[in-house]
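Residue numbering for the sequence shown follows our numbering, starting at 3 and increasing by one per position.
Note that these hints are calculated values from the structure, not bench results.
Treat the hints loosely; a few may be bogus.
[As the list claims (entries may be wrong)] With a straight-line Cα cutoff of 27 Å, these simulated DSS-like cross-link-like pairs (lysine-lysine) come out:
| id | residue 1 | residue 2 |
| --- | --- | --- |
| 1 | K107 | K200 |
| 2 | K155 | K54 |
| 3 | K107 | K54 |
| 4 | K54 | K96 |
| 5 | K107 | K96 |
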Amino acid sequence: MLSISDLHVAYGGTRALDGVSLDIAAGQTVLLVGANGAGKSSLINTVIGLVKARSGTISFEGREITSLDADVRARLGIGYSPEGRRVFPTMSVKDNVLAGAPQLKGQELSRRWDYLVAAFGFLAERQHQMAGQLSGGQQQLVAIARAMCGAPKLLLLDEPFLGLAPVWIEQISAAVRRMQNEGIAVLMAEQMARPALKIAHYGHVLRSGVIRRSGPTAEIRGEALAEEYL
Numbered sequence: 003m004l005s006i007s008d009l010h011v012a013y014g015g016t017r018a019l020d021g022v023s024l025d026i027a028a029g030q031t032v033l034l035v036g037a038n039g040a041g042k043s044s045l046i047n048t049v050i051g052l053v054k055a056r057s058g059t060i061s062f063e064g065r066e067i068t069s070l071d072a073d074v075r076a077r078l079g080i081g082y083s084p085e086g087r088r089v090f091p092t093m094s095v096k097d098n099v100l101a102g103a104p105q106l107k108g109q110e111l112s113r114r115w116d117y118l119v120a121a122f123g124f125l126a127e128r129q130h131q132m133a134g135q136l137s138g139g140q141q142q143l144v145a146i147a148r149a150m151c152g153a154p155k156l157l158l159l160d161e162p163f164l165g166l167a168p169v170w171i172e173q174i175s176a177a178v179r180r181m182q183n184e185g186i187a188v189l190m191a192e193q194m195a196r197p198a199l200k201i202a203h204y205g206h207v208l209r210s211g212v213i214r215r216s217g218p219t220a221e222i223r224g225e226a227l228a229e230e231y232l
């Protein structure tokens, strides 16, 4: 579904990614693990089109998208939940979630809301509450639900577990498992390797913009956990 080949990214004279290559299949969850500054967010931002690649290619469902704008990539089916629980604090929970699918109207939008309520039960209870009044874990779930609202084929999650209590980590993990069952591909960048390794199928250990180790999560577990503390 997603194929990245020999990707190079730099900010000014600073190298962010140096020859990164990886693939993700439908229904597969792939983990990018590494310390701060390893290049995880740079890779996510390049895939969604917020950062331009210096060289290399990105293909989605067999179509090269390296030079496409971010909004075009979103319409092709690439969803994104950013780091830091970025909700619209003065908007209601429901309006935050539905903002993720501006192209949907009427009954189609209602059906999508019902689907997300089934996945995240608290949405119905808090739908009229301002998102800024929620706990950190609830805000993260709202951000993920917003990214899912547009029914993406590929969902990019940037540090979804950062700073969250175990109860919210488990709910986000359950949401990822639901996406796996529905054939949605997930690329997750995460410094907290321990919970992420429980739900990912395959992982890449990033350091200084280079993939140092790749493999099924059972094989890279030791190195991923070591990277968590760097």
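Now the hints, each set against the structure:
Of the pairs offered as hints, the one joining K107 and K200 is violated, with about 37 Å between alpha carbons and a cut-off of 27 Å exceeded. For the proposed pair K155 and K54, the alpha carbon gap of about 22 Å is at most 27 Å, so the pair holds. Note on K107 and K54: the hinted pairing is violated, with a Cα-Cα distance of about 32 Å set against a maximum of 27 Å. Distance check on the hinted pair: K54 and K96 sit about 33 Å apart at the alpha-carbon level, beyond 27 Å; violated.
Restraint check for K107 and K96: satisfied, since their Cα atoms lie roughly 14 Å apart, inside the 27 Å limit.
Going down the numbered hints, you'll see the structure goes against 1, 3, 4, while the others check out.
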